[in-house]
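J.: Residues per chain are reported as follows:
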Amino acid sequence: MAEIQLRNIEKRWGQFTAVRDLSLTVENREFIVLLGPSGCGKTTTMRMIAGLEPVTSGDIFIDGTRVNDMPARDRDIAMVFQNYGLYPHMTVREHIAYPLRLRKVPEPELGNRISAAADKVHLQDFLDRRPRALSGGQRQRVALARAIVRTPNLFLMDEPLSNLDAILRVSMRAELKHLHRELGTTTVYVTHDQIEAMTMATRVVVMNNGAVEQIGAPEDIYGDPENLFVATFIGSPPINQIRGRLAGGVFQASQASLGGFAKDISGDAVLGVRPDNVSIADRDADLKGTVFAVEYTGSDLLIVVEVGSERVTLVGDMSKRPRIDQAIGLKIDRRRAFFFDAKTHARMRAAL
Amino acid sequence: MSNAEQGGLKPPSRSTRIGRMLQPWIRRLALWLFALWCLFPIYWLLTMSLKRQVDAISRKPKFIFQPIWDNYLNVLASGEVWLFFQNSLIVALGTTALSLLLGVPTAYVLARYRFAGNADFGFWILTTRMTPPVAMLIPFFVVYIRSGLFDSHLGLILAHTAITLSIVVWLMKGFFEDLPLELEEAALMDGATHFQAFRQICLPVALPGIAAVAILTFLFSWNEFLFSLVLADRIQTVPVGLYNFVGYQQIRWGELTASAVIMLLPVLLFVFIFQRQLVRGLTLGAIK
Numbered sequence: 054m055a056e057i058q059l060r061n062i063e064k065r066w067g068q069f070t071a072v073r074d075l076s077l078t079v080e081n082r083e084f085i086v087l088l089g090p091s092g093c094g095k096t097t098t099m100r101m102i103a104g105l106e107p108v109t110s111g112d113i114f115i116d117g118t119r120v121n122d123m124p125a126r127d128r129d130i131a132m133v134f135q136n137y138g139l140y141p142h143m144t145v146r147e148h149i150a151y152p153l154r155l156r157k158v159p160e161p162e163l164g165n166r167i168s169a170a171a172d173k174v175h176l177q178d179f180l181d182r183r184p185r186a187l188s189g190g191q192r193q194r195v196a197l198a199r200a201i202v203r204t205p206n207l208f209l210m211d212e213p214l215s216n217l218d219a220i221l222r223v224s225m226r227a228e229l230k231h232l233h234r235e236l237g238t239t240t241v242y243v244t245h246d247q248i249e250a251m252t253m254a255t256r257v258v259v260m261n262n263g264a265v266e267q268i269g270a271p272e273d274i275y276g277d278p279e280n281l282f283v284a285t286f287i288g289s290p291p292i293n294q295i296r297g298r299l300a301g302g303v304f305q306a307s308q309a310s311l312g313g314f315a316k317d318i319s320g321d322a323v324l325g326v327r328p329d330n331v332s333i334a335d336r337d338a339d340l341k342g343t344v345f346a347v348e349y350t351g352s353d354l355l356i357v358v359e360v361g362s363e364r365v366t367l368v369g370d371m372s373k374r375p376r377i378d379q380a381i382g383l384k385i386d387r388r389r390a391f392f393f394d395a396k397t398h399a400r401m402r403a404a405l
Numbered sequence: 021m022s023n024a025e026q027g028g029l030k031p032p033s034r035s036t037r038i039g040r041m042l043q044p045w046i047r048r049l050a051l052w053l054f055a056l057w058c059l060f061p062i063y064w065l066l067t068m069s070l071k072r073q074v075d076a077i078s079r080k081p082k083f084i085f086q087p088i089w090d091n092y093l094n095v096l097a098s099g100e101v102w103l104f105f106q107n108s109l110i111v112a113l114g115t116t117a118l119s120l121l122l123g124v125p126t127a128y129v130l131a132r133y134r135f136a137g138n139a140d141f142g143f144w145i146l147t148t149r150m151t152p153p154v155a156m157l158i159p160f161f162v163v164y165i166r167s168g169l170f171d172s173h174l175g176l177i178l179a180h181t182a183i184t185l186s187i188v189v190w191l192m193k194g195f196f197e198d199l200p201l202e203l204e205e206a207a208l209m210d211g212a213t214h215f216q217a218f219r220q221i222c223l224p225v226a227l228p229g230i231a232a233v234a235i236l237t238f239l240f241s242w243n244e245f246l247f248s249l250v251l252a253d254r255i256q257t258v259p260v261g262l263y264n265f266v267g268y269q270q271i272r273w274g275e276l277t278a279s280a281v282i283m284l285l286p287v288l289l290f291v292f293i294f295q296r297q298l299v300r301g302l303t304l305g306a307i308k
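If you're matching them up, the sequences are chains F and P in order. Be aware that the first sequence starts at 54, since it is given in our numbering, and climbs by one per residue. Be aware that the second sequence starts at 21, since it is given in our numbering, and climbs by one per residue.
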C-alpha cells in the first residue's frame with residue numbers, strides 16, 4: 054500500500070518537453086487513471102513513476118521517500134505492459150514465480166503463492182503453457198498474475214486492455230476493478246479510452262500536450278469540466294459546441310439568441326452542452342434547424358440537427374423518430390450548459 | 021456443360037490440365053537436380069576414399085570399381101587423424117566459446133545502451149574485416165614468435181577469434197535490437213538487476229541467434245586453413261593435416277579423402293545438434 058507524490062516533475066528530451074510541471078498526489082488505495090490522447094505524456098509519467106525513465110526535474114515520493122534515484126527493482130512496483138512483456142521461454146508458472154525467485158522467496162512457499170495468484174486470474178489450468186500457446190486474454194492474465202503475486206506497493210498498468218477485442222475488454226475491465234477492490238493496492242492506470250477511465254477510476258487525470266488539464270472524480274470530469282479540452286475529450290457522442298458572445302445573461306450565436314444564463318460573465322465564448330441535455334421542443338425553442346441524420350445505436354437514438362452552419366447532436370426519444378430534413382426546434386438545459394472562453398478555452402464560471 | 025458456360029466457369033482445357041498435373045513433378049525434378057548438384061562432391065569424396073590409387077587417378081573417371089577399405093585402415097592405423105581432429109576440436113570449440121563470451125555481451129551493450137561513441141565503437145569493430153586477413157598474417161606471425169603464442173592452441177584460438185569476433189558482434193547486435201525492450205523492462209519491474217535481465221531473459225530468448233552464430237563461428241574455425249598453417253607447426257588442424265597428403269611428387273587421394281570423410285562426420289554431428297537447438301529456439305517466439 055502506498056501513497057505517491059509527484060512534485061513538479063518534468064521530462065525533456067532535448068528541445069521536446071514530454072511532461073510539463075506535473076504535480077499529483079495519489080492517495081493510498083486509489084485507482085488513478087491517466088487519460089489523454091496519444092503523445093500527451095501519460096505513459097512517460099507512468100514510466101517515471103516506475104523508474105524506467107529518469108525525471109529531468111522535480112521529485113517523486115513513494116510513502117514519503119524520494120525515489121528519483123532509486124532503481125526500478127527497489128521501488129516495489131509491479132507493472133503490466135501494453136504488450137504484456139511476457140518471456141517467450143518461460144511457462145506461466147515460471148512467469149509467476151520469477152518475481153518471487155528474484156526476491157529469494159523460499160521454494161516451499163512458492164507453490165502456494167503461485168496457485169493463489171493463478172486462481173485470482175483463472176489461470177490454474179494453463180500453468181505449464183508458454184505464452185505462444187495462450188490467447189490474448191490469457192496472456193493479459195499472466196501479466197496480471199505476475200504483478201499481483203508479490204503483493205507490491207503499487208500497480209502500474211500501461212494500456213493493458215488495448216490489445217484485447219471489444220468483448221474481452223469489457224469483461225477484463227470489470228475483473229480489474231474487482232481485483233482492485235479485493236487487493237486494495239494503489240493503482241495508476243494509463244489509457245486513451247475514456248470509457249475505461251470513467252468506469253474504473255476513483256480519480257481521473259486528464260492530460261494533453263504533457264500537462265494536466267484536470268484532475269477529478271469521473272463525475273466531475275464529465276459533469277464539471279475545467280476547460281474545453283476536457284469537455285470535448287470526455288463523453289460520447291462528444292459535447293456540442295456553439296460559438297457566440299455572452300453578455301448580460303444572453304448568449305448571442307449566429308443563428309439564435311439564448312437567454313437565461315448567469316449575468317456576471319461575459320465575452321466571446323463557446324457554449325458546450327452534452328447531447329443528453331438537449332431536447333426537442335415544439336414551442337419556445339432555443340435553436341431551430343433541420344434534421345441532418347438519425348443514428349440508431351441500439352440503446353439510444355442520436356439525432357443530428359443542422360443549425361445554420363453548426364451541427365448539434367442530441368439523444369432523442371426512441372418512440373419519436375424524426376424524418377430527415379424535418380424542421381425541428383431544440384431546447385437547451387440551462388443548468389447543464391457550460392461556457393468556455395473562446396480564446397483560452399478555460400471554463401467561464403458564474404459566481405454563486 | 022451448358023451450366024458451366026452460363027456461370028462463366030469453363031472447365032480447363034486439356035493442355036492446362038496436363039500442365040497442372042505436371043507442375044509438382046517439374047518442381048520436384050528441379051529440386052532433385054539441385055540436390056544432386058550440391059551433393060555430388062560429397063559423393064565423389066566418399067567413392068574416392070574407397071578407391072585404389074590407380075582408380076582414383078584414372079583418366080576416365082571411374083564410377084564402377086572394386087571398393088577397398090585400405091585407405092581408412094591406413095589412416096586410422098597411423099593415428100595422425102586423431103591428432104588433427106583433436107587439435108581442430110580444441111581450436112574450434114575454444115574459438116566459438118571465446119567469440120561468444122566476448123561478442124554476445126558486447127553486442128548486447130551496443131544494442132541497448134546509448135553512450136558517447138557507441139556507433140563509432142561498432143564501426144571500429146567492423147573495420148577489422150576491411151583488410152584481407154592475409155595482410156595481417158605477417159604481423160600475427162611476428163607477434164606470435166616473440167610472445168611464445170606460436171604453435172599453441174591458445175594462439176590459434178586467439179587468431180581465429182580476432183577474425184570471427186566482428187561478425188559475432190554485428191549479427192548478435194541485430195538480434196538483440198529486434199528483441200522488444202518491454203522484455204527487459206518487465207524483468208526490471210519484476211525485481212531483476214540489469215545483468216539478471218540480460219542473463220535470465222535476453223540470453224535465453226536470443227538462443228536461436230546465438231546458436232546460429234555459434235555454428236558459423238565453429239565452421240569458420242574448423243575450416244580455416246591459412247592462419248592455422250602459418251601460426252602453428254606441430255599443432256596441425258584438420259585442413260592443415262589434410263594438406264600433408266598433398267606431396268611434392270603425388271597426391272595420396274585415397275588417404276586424403278578417407279581422412280576428409282572421417283573428419284567430416286563430427287562437423288555434421290555438430291551442425292545437426294545445433295540445428296535442433298536452432299529450430300527449438302525459433303519456435304519459442306511469440307512475444308505479442
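No wet-lab data here; the hints were simulated from the structure. Idealized CB from N, CA, C, for every residue including glycine. Among these hints, one or two may not hold up.
Unchecked claim - Some chain P residues judged to face chain F by a derived CB distance under 8 Å, without partners named:
| no. | residue |
| --- | --- |
| 1 | P200 |
| 2 | Q216 |
| 3 | I221 |
| 4 | P228 |
| 5 | V266 |
| 6 | Q270 |
To be verified - What follows is a list of derived Cβ distance ranges for each label pair:
| no. | chain 1 | residue 1 | chain 2 | residue 2 | range |
| --- | --- | --- | --- | --- | --- |
| 7 | F | R185 | P | R48 | 30 to 36 Å |
| 8 | F | R185 | P | P31 | 40 to 46 Å |
| 9 | P | T36 | F | P291 | 27 to 33 Å |
| 10 | F | F114 | P | F215 | 37 to 43 Å |
| 11 | P | G194 | F | R185 | 34 to 40 Å |
| 12 | F | R402 | P | D140 | 47 to 53 Å |
| 13 | P | L284 | F | R185 | 54 to 60 Å |
| 14 | F | E147 | P | L96 | 46 to 52 Å |
| 15 | F | E147 | P | S98 | 34 to 40 Å |
| 16 | F | R185 | P | R219 | 18 to 24 Å |
| 17 | P | G194 | F | E147 | 55 to 61 Å |
| 18 | F | F114 | P | G194 | 53 to 59 Å |
J.: Confirm or reject each hint.
T.: Each hint, compared with the structure:
For P/P200, the interface hint holds, the least distance from its beta-carbon to any beta-carbon of chain F being 7 Å, beneath 8 Å. The restraint placing P/Q216 at the interface with chain F holds, with a minimum CB-CB distance near 7 Å, inside the 8 Å limit. A distance limit of 8 Å between C-beta atoms decides the matter here; for P/I221 the minimum to chain F is near 6 Å, and the interface restraint holds. Because the beta carbon of P/P228 sits about 11 Å from the nearest beta carbon in chain F, more than 8 Å, this interface hint is broken.
Of the supplied interface hints, the one on P/V266 is violated, with its beta-carbon coming no nearer than about 48 Å to a beta-carbon of chain F, more than 8 Å. The restraint placing P/Q270 at the interface with chain F is violated, with a minimum CB-CB distance near 55 Å, outside the 8 Å limit. Checked against the given bound of 30 to 36 Å, the beta carbons of F/R185 and P/R48, roughly 33 Å apart, stay inside it. Range check, F/R185 to P/P31: about 44 Å between beta-carbon atoms, so the 40 to 46 Å window is met.
At roughly 58 Å, the beta-carbon separation of P/T36 and F/P291 lies outside the given 27 to 33 Å, and the hint is violated. Restraint check, F/F114 to P/F215: a C-beta distance of roughly 28 Å breaks the suggested window 37 to 43 Å. Against the hinted window of 34 to 40 Å, the Cβ-Cβ separation of P/G194 and F/R185 comes to about 22 Å, which falls outside the hint. Between F/R402 and P/D140, the C-beta spacing of about 59 Å breaks the proposed range 47 to 53 Å.
For the pair P/L284 and F/R185, the beta carbons lie near 36 Å from each other, so the given range of 54 to 60 Å is not met. Checked against the hint of 46 to 52 Å, the C-beta distance between F/E147 and P/L96 comes to roughly 48 Å, which is consistent with it. Hint check: F/E147 to P/S98, Cβ distance near 52 Å, so the stated range 34 to 40 Å is violated. A C-beta distance of roughly 22 Å is found between F/R185 and P/R219, which places it inside the suggested range of 18 to 24 Å.
Checked against the given bound of 55 to 61 Å, the beta carbons of P/G194 and F/E147, roughly 27 Å apart, lie outside it. Distance hint check: the CB atoms of F/F114 and P/G194 are about 41 Å apart, inconsistent with the given range 53 to 59 Å.
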